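Keeping their order, the protein sequence lines are chains W and L. The first sequence runs 37 to 388 under the working numbering. The second sequence runs 54 to 418 under the working numbering.
These are calculated hints, taken from the structure and not from any lab test. Bear in mind that the values here come from a model prediction, so they are computed numbers and not experimental data. Quick reminder that beta carbons are idealized off the backbone N, C-alpha and C, glycines included. Careful, some of the hints might be misleading.
Said to hold, decoys possible - Label-pair distances were calculated between CB atoms; the ranges are: (1) W:SER305 - L:THR358: 23 to 33 Å; (2) L:ASN309 - W:ASP311: 35 to 45 Å; (3) W:ARG257 - L:GLU136: 31 to 41 Å; (4) L:THR358 - W:ARG213: 19 to 29 Å; (5) W:ARG257 - L:LEU311: 37 to 47 Å; (6) W:TYR231 - L:GLY206: 46 to 56 Å; (7) W:ARG193 - L:ASP282: 28 to 38 Å; (8) W:PRO84 - L:LYS351: 20 to 30 Å; (9) L:GLU314 - W:GLU235: 26 to 36 Å; (10) L:LEU311 - W:GLU295: 52 to 62 Å; (11) W:GLU133 - L:ASN126: 35 to 45 Å; (12) W:LEU138 - L:ASN309: 43 to 53 Å; (13) L:LEU382 - W:ALA78: 31 to 41 Å.
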Amino acid sequence: MKLHLGLLLLGLLFIGLGGLLYLWQEGLERSPVPGINKTAPAPWSEPPGGLVSENITYIVEATFLIKNERDVSLPDIVKVYAPPNTTHQKVRIVSVEPEPFLVDRDENGNLRMNIKVNLSPNSEIWVNMTLEITVQQYEADLNERAAMWPPLEISQRYTEPTIVWNVENETLRKLAREIVGDEDNPLIMARKLAYWIDENLEYKPNPENLTRGANYCVYRRNGNLIIFGDCTQAADVYITFARSLGIPARAVSGLILMEKEEVQWRNLSMEEDPDRMVEHWRPHIWPQVYLEPWGWIDVDMLVEHSWGVYSWRHIILEVEGEFVLDVEWLKMVESMVFDVEYIEYKVTPLEG
Amino acid sequence: MGRIGVRRTILIFLSLVILLALEAEVMEVASQERLIIAINYRLTFNSNGTVLVTLLMHPFLVGRRGFESAYENMTVIMDLMAEEEQTASREIPYLFVDDPRKLEYRIIGHMRTVDDEVVLLYLEGENMTSFKGAVVLDVLVNLETADKVDKIGRDVYRITIADPYTRMDRGWVDFMEFRVGEGVELISYSWSPSEAKGPTVVEEGRLVWENFNEPEAPNEYVLELRMPDFQFEAAKGYKVAAVASFSNGMINVSLNNLGKEGLFYIRAVGDGMDQTRAIYLKEGEKASVSIPAPKPLKVEIWYGTTMLGEAEWVREEEERRLLGPPSFLVMAMIIVGMVMVFLSLIVRGESDRGGELDVTEKESF
Chain W
37 MKLHLGLLLL
47 GLLFIGLGGL
57 LYLWQEGLER
67 SPVPGINKTA
77 PAPWSEPPGG
87 LVSENITYIV
97 EATFLIKNER
107 DVSLPDIVKV
117 YAPPNTTHQK
127 VRIVSVEPEP
137 FLVDRDENGN
147 LRMNIKVNLS
157 PNSEIWVNMT
167 LEITVQQYEA
177 DLNERAAMWP
187 PLEISQRYTE
197 PTIVWNVENE
207 TLRKLAREIV
217 GDEDNPLIMA
227 RKLAYWIDEN
237 LEYKPNPENL
247 TRGANYCVYR
257 RNGNLIIFGD
267 CTQAADVYIT
277 FARSLGIPAR
287 AVSGLILMEK
297 EEVQWRNLSM
307 EEDPDRMVEH
317 WRPHIWPQVY
327 LEPWGWIDVD
337 MLVEHSWGVY
347 SWRHIILEVE
357 GEFVLDVEWL
367 KMVESMVFDV
377 EYIEYKVTPL
387 EG
Chain L
54 MGRIGVRRTI
64 LIFLSLVILL
74 ALEAEVMEVA
84 SQERLIIAIN
94 YRLTFNSNGT
104 VLVTLLMHPF
114 LVGRRGFESA
124 YENMTVIMDL
134 MAEEEQTASR
144 EIPYLFVDDP
154 RKLEYRIIGH
164 MRTVDDEVVL
174 LYLEGENMTS
184 FKGAVVLDVL
194 VNLETADKVD
204 KIGRDVYRIT
214 IADPYTRMDR
224 GWVDFMEFRV
234 GEGVELISYS
244 WSPSEAKGPT
254 VVEEGRLVWE
264 NFNEPEAPNE
274 YVLELRMPDF
284 QFEAAKGYKV
294 AAVASFSNGM
304 INVSLNNLGK
314 EGLFYIRAVG
324 DGMDQTRAIY
334 LKEGEKASVS
344 IPAPKPLKVE
354 IWYGTTMLGE
364 AEWVREEEER
374 RLLGPPSFLV
384 MAMIIVGMVM
394 VFLSLIVRGE
404 SDRGGELDVT
414 EKESF
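Start from the sequences, fold in the hints, and give me the full structure.
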């Protein structure tokens with residue numbers, strides 16, 4: 037029996053191409069890292085890249101005026117807070133006056149100086165704390181192929197849902213997944229989230245009547261989801277996004293400097309227009325993500341408008357990570373019965 | 054005058070974001086009276102794993118003349134009573150959990166004033182002072198949903214209770230009383246930090262801490278209790294089936310959530326490597342995660358701090374057998390190809406017959 041050779045070859049070609057297409061599609065489905073990492077990743081053998089960094093050390097003199105405006109003598113334990121060491125900021129307590137009788141830590145590791153204060157009627161006391169803070173300013177130049185996922189302990193501590201970072205919110209989870217697409221590299225995912233927030237934040241400083249938490253600041257506008265608020269909302273949504281994708285994240289708060297040497301102050305006995313206050317008082321909150329093998333990386337979408345850029349302008353005064361409340365951030369001083377009338381942070385760069 | 058436990062104060066946390074928007078640029082603020090609330094807790098542990106939490110509060114105003122009881126101040130009491138839901142959902146849960154939404158509780162005695170109740174707090178001297186009259190709230194808590202419950206023996210549990218106010222930096226619990234219900238046995242107790250004071254009353258089935266100030270108040274109370282009817286199981290209702298495979302430098306883990314929804318940890322561990330991916334899975338949800346690794350490692354599945362199990366490994370040969378069905382395009386190409394092969398036989402045959410006829414016709418000429 038004779039064959040139509042051309043047709044036969046064409047038929048075999050179709051069968052062969054069909055088989056190849058099948059294997060290719062199966063290979064794609066089984067490719068462990070969609071997107072850029074089609075080839076075998078080996079982050080442990082990659083050079084991690086690093087941080088182009090330069091240290092700057094400040095002397096920070098914190099001063100708090102505590103008043104007893106009652107007609108009776110009262111005792112109290114005044115608490116003054118100092119930040120813990122972080123990946124890119126080291127803190128040394130130089131002095132505290134009056135001397136604390138107890139120094140302990142809160143659940144996030146922030147230091148608490150407990151000071152016994154007895155104040156006679158209508159008297160006042162100045163509480164002073166001097167810190168030496170070394171800020172490692174940097175621009176991250178990280179090799180994304182070296183990125184790895186965190187160990188269990190870090191993941192458990194910094195990806196759990198909290199009242200403020202509600203990973204259980206399906207809208208936020210889906211949005212985070214949508215933003216990163218099929219990306220599976222934690223470093224690239226963390227960066228994509230930051231850029232999205234930078235582009236989709238409808239900035240409103242000090243939004244009124246807004247309960248703190250990522251649940252309350254993501255809205256739909258013209259069919260798209262946006263974030264409404266300021267640095268608090270940007271940080272809370274970013275941390276929720278990151279945690280929902282399994283990337284450990286936390287918040288840090290402190291002061292933003294305009295000059296390397298300056299005094300920031302606030303008089304709590306007066307209420308002031310926030311637009312005026314920002315001239316002399318600039319608290320700020322931003323997220324950090326934990327990426328192996330580098331540690332905590334800062335994500336300041338409002339001041340730096342970039343990912344992994346950290347400048348001399350940041351001074352961390354508080355870390356919020358494992359335990360967070362749906363209240364305002366940045367604890368500095370606390371008294372139960374006395375009035376805190378005045379707060380001042382004088383920042384001076386240390387020569388040499 | 055001594056110190057008292059404080060639950061709420063007017064100026065606690067300071068930040069720019071809490072500033073009120075003002076019309077005037079700078080205004081003097083009148084000195085305000087500060088509301089301070091003495092806090093007493095009574096916790097009664099039941100054999101079935103529930104705890105009756107009774108919160109007793111006595112309000113004070115700190116004005117020009119110092120501390121004054123505000124128990125008969127109607128405005129203060131009404132404001133306090135209006136916060137029942139907030140107290141039940143945002144304060145009491147911190148005794149047992151980090152995230153208050155996790156705790157299962159039920160209000161069984163609504164906020165009310167009880168003139169015969171006594172609230173204790175430290176003012177001065179060597180003992181606490183009693184104040185008659187309390188705002189009382191009763192809440193029944195399910196210990197199964199608490200963060201720190203560990204089964205340490207047959208019917209014996211270690212239960213850690215935190216001071217909600219020290220952890221919130223809003224004061225401390227002035228008076229903490231633990232009682233056990235019928236059938237429950239108090240085996241041992243401890244507290245942390247160790248520098249804090251121990252209990253002032255230790256009786257069979259009853260412990261009392263009188264906390265004069267915050268540094269003396271424990272941050273955590275740890276009780277070991279025998280609770281015969283408590284059927285506690287860590288991570289109860291959470292179950293994830295996991296199958297792992299290794300290819301191309303990646304551990305791929307297919308997950309199928311067979312239990313309650315939640316955040317699960319997928320950990321690849323071994324050979325000096327420890328990498329974990331957290332993933333939130335709804336009930337019945339299937340998903341897969343990949344973790345880069347030089348070779349197959351042990352894959353653990355965790356919920357919270359409880360390991361649910363290990364992923365089952367699929368060998369590569371088995372994996373190959375598990376190739377999925379071909380796509381429509383692939384099917385179409387193969388069918389078209391087969392049809393072409395078949396046609397190549399038929400078309401050639403007919404062509405041959407046509408050629409023979411031609412030859413015959415030629416021969417007839």
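Hints and how they fare:
1. W:SER305 - L:THR358: 23 to 33 Å: Between W:SER305 and L:THR358, where Cβ atoms are some 46 Å apart, the hint is violated.
2. L:ASN309 - W:ASP311: 35 to 45 Å: At 54 Å between Cβs, range violated.
3. W:ARG257 - L:GLU136: 31 to 41 Å: holds (34 Å)
4. L:THR358 - W:ARG213: 19 to 29 Å: holds (26 Å)
5. W:ARG257 - L:LEU311: 37 to 47 Å: holds (39 Å)
6. W:TYR231 - L:GLY206: 46 to 56 Å: Once the Cβ atoms are compared, 53 Å apart, the range 46 to 56 Å for L:GLY206 and W:TYR231 holds.
7. W:ARG193 - L:ASP282: 28 to 38 Å: For L:ASP282 against W:ARG193, whose Cβ atoms are near 34 Å apart, the range 28 to 38 Å holds.
8. W:PRO84 - L:LYS351: 20 to 30 Å: holds (25 Å)
9. L:GLU314 - W:GLU235: 26 to 36 Å: Between L:GLU314 and W:GLU235, where Cβ atoms are some 31 Å apart, the hint holds.
10. L:LEU311 - W:GLU295: 52 to 62 Å: Holds: the Cβ-Cβ distance is about 59 Å, inside 52 to 62 Å.
11. W:GLU133 - L:ASN126: 35 to 45 Å: Since the Cβ atoms of W:GLU133 and L:ASN126 sit about 38 Å apart, the hinted range of 35 to 45 Å holds.
12. W:LEU138 - L:ASN309: 43 to 53 Å: 51 Å Cβ-Cβ, so the 43 to 53 Å window holds.
13. L:LEU382 - W:ALA78: 31 to 41 Å: holds (34 Å)
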